[in-house]
Amino acid sequence: MLCHAPIRRISRTVMLLSLLAGLAGCSTWFSSDFRDPRVQLKNVEIIKARLLEQQFMLRFRIDNPNEQSLPVRGLVYTVHLNDIELASGESSGWTTVPGNGFEYYEVPIHTNLWRHMKYIVRLLEKPDRPIAYRLDGELKTGLMLGRRVHISTNGEIIPGNFIPE
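Numbering (the UniProt record's numbering), first residue to last: 1 to 165.
Treat the hints with care, since some could be wrong.
[Said to hold, decoys possible] Result set (SDA-like, lysine to any residue): computed pairs, CA atoms no more than 25 Å apart in a straight line:
(1) LYS48 x GLN68
(2) LYS140 x ARG115
(3) LYS126 x GLN68
(4) LYS118 x TYR133
(5) LYS140 x GLY155
(6) LYS118 x GLU156
(7) LYS42 x GLY89
(8) LYS42 x ILE120
(9) LYS140 x VAL44
(10) LYS42 x THR111
(11) LYS48 x GLY99
(12) LYS42 x GLU53
(13) LYS42 x GLN68
(14) LYS48 x ARG115
(15) LYS42 x PRO6
[Said to hold, decoys possible] Label-pair restraints from in silico Cβ distances:
(16) ARG38 x ALA132: 16 to 22 Å
(17) GLU156 x ARG50: 23 to 29 Å
(18) ARG12 x ARG50: 55 to 61 Å
(19) GLY101 x ILE10: 15 to 21 Å
Honestly, the hints are just simulated from the structure, not real lab data.
Bear in mind the structure is a predicted one, so any value in this text is a computation, not a measurement.
Glycine residues also receive a C-beta, built at the ideal position from the N, C-alpha and C atoms.
Assemble the whole structure, with the sequences as input and the hints as a guide.
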């Protein structure tokens with residue numbers, strides 16, 4: 001019974017030191033000089049396009065304006081083409097964006113655009129005409145006690161660039 005007290009004291013000390021070390025490493029995420037990363041949708045790759053299921057790979061570029069590297073542990077997203085929702089979901093892939101650098105982050109998505117087929121066919125009748133997209137979501141950063149960075153990006157894609165000849 002008497003030997004359990006020193007073991008508990010040692011284990012509490014180790015846990016406290018681990019927690020403090022973890023918080024010290026994450027201090028930049030809580031400080032006022034942390035700047036939110038910039039997230040852009042750079043590419044939409046069609047993996048498989050069947051009548052009832054479409055598979056795409058969304059490729060995002062994450063720019064880190066901070067001095068310290070930025071661990072990314074996921075992305076909650078919604079992607080709209082013009083006014084229709086193309087996809088929504090959550091990716092749990094991990095990457096680390098270097099300080100003052102960038103990294104690409106790929107998100108596989110599965111969707112069923114059957115209910116929007118007429119509208120999409122009309123959009124694709126003029127493949128050189130740009131289609132607006134909107135990305136809304138949250139980038140999950142940090143390790144244990146990270147931040148959720150809200151992202152909202154607008155842009156255009158040209159369907160003809162994705163249609164193989």
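The hints, checked one at a time:
1. Restraint check: the Cα-Cα separation between LYS48 and GLN68 comes to about 38 Å, which exceeds 25 Å; the hinted pair is violated.
2. Taking the CA atoms of LYS140 and ARG115, the gap is about 31 Å. The hint is violated against a cut of 25 Å.
3. Pair hint LYS126 plus GLN68 does not hold up; C-alpha atoms about 45 Å apart against a cutoff of 25 Å.
4. For the hint pairing LYS118 with TYR133, the CA-to-CA distance comes to about 18 Å; that is within 25 Å, so the pair holds.
5. A C-alpha spacing of about 22 Å is found between LYS140 and GLY155, which places the hinted pair at or below 25 Å, so the restraint holds.
6. With a C-alpha separation of about 20 Å, the suggested pair LYS118 and GLU156 falls inside the 25 Å cut-off, and the hint holds.
7. In summary, the hint linking LYS42 to GLY89 is supported, as the alpha carbons are separated by about 18 Å, within the 25 Å threshold.
8. Distance hint between LYS42 and ILE120 is fulfilled; the C-alpha atoms sit about 21 Å from each other, no more than 25 Å.
9. Between the alpha carbons of LYS140 and VAL44 the distance comes to roughly 21 Å, so the proposed pair stays at or under 25 Å and holds.
10. With a CA separation close to 19 Å, the supplied pair LYS42 and THR111 stays within the 25 Å bound.
11. Distance hint between LYS48 and GLY99 is unfulfilled; the C-alpha atoms sit about 35 Å from each other, more than 25 Å.
12. Restraint check for LYS42 and GLU53: the C-alpha separation of about 23 Å stays at or below 25 Å, so the hint holds.
13. For the hint pairing LYS42 with GLN68, the CA-to-CA distance comes to about 24 Å; that is within 25 Å, so the pair holds.
14. A threshold of 25 Å between alpha carbons decides the hint, and for LYS48 with ARG115 the separation of about 18 Å falls inside it, so the pair holds.
15. As the CA atoms of LYS42 and PRO6 are separated by approximately 56 Å, the hinted pair breaks the 25 Å bound.
16. The hinted window of 16 to 22 Å between ARG38 and ALA132 holds, with their beta carbons roughly 19 Å apart.
17. In this structure, GLU156 and ARG50 meet the distance hint of 23 to 29 Å, their C-beta atoms being roughly 26 Å apart.
18. Between ARG12 and ARG50 the Cβ separation comes to about 57 Å, which falls inside the hinted range of 55 to 61 Å.
19. Between GLY101 and ILE10 the CB atoms are about 40 Å apart, so this pair departs from the stated range of 15 to 21 Å.
In this structure, the hints that do not hold are numbers 1, 2, 3, 11, 15, 19, in rising order.
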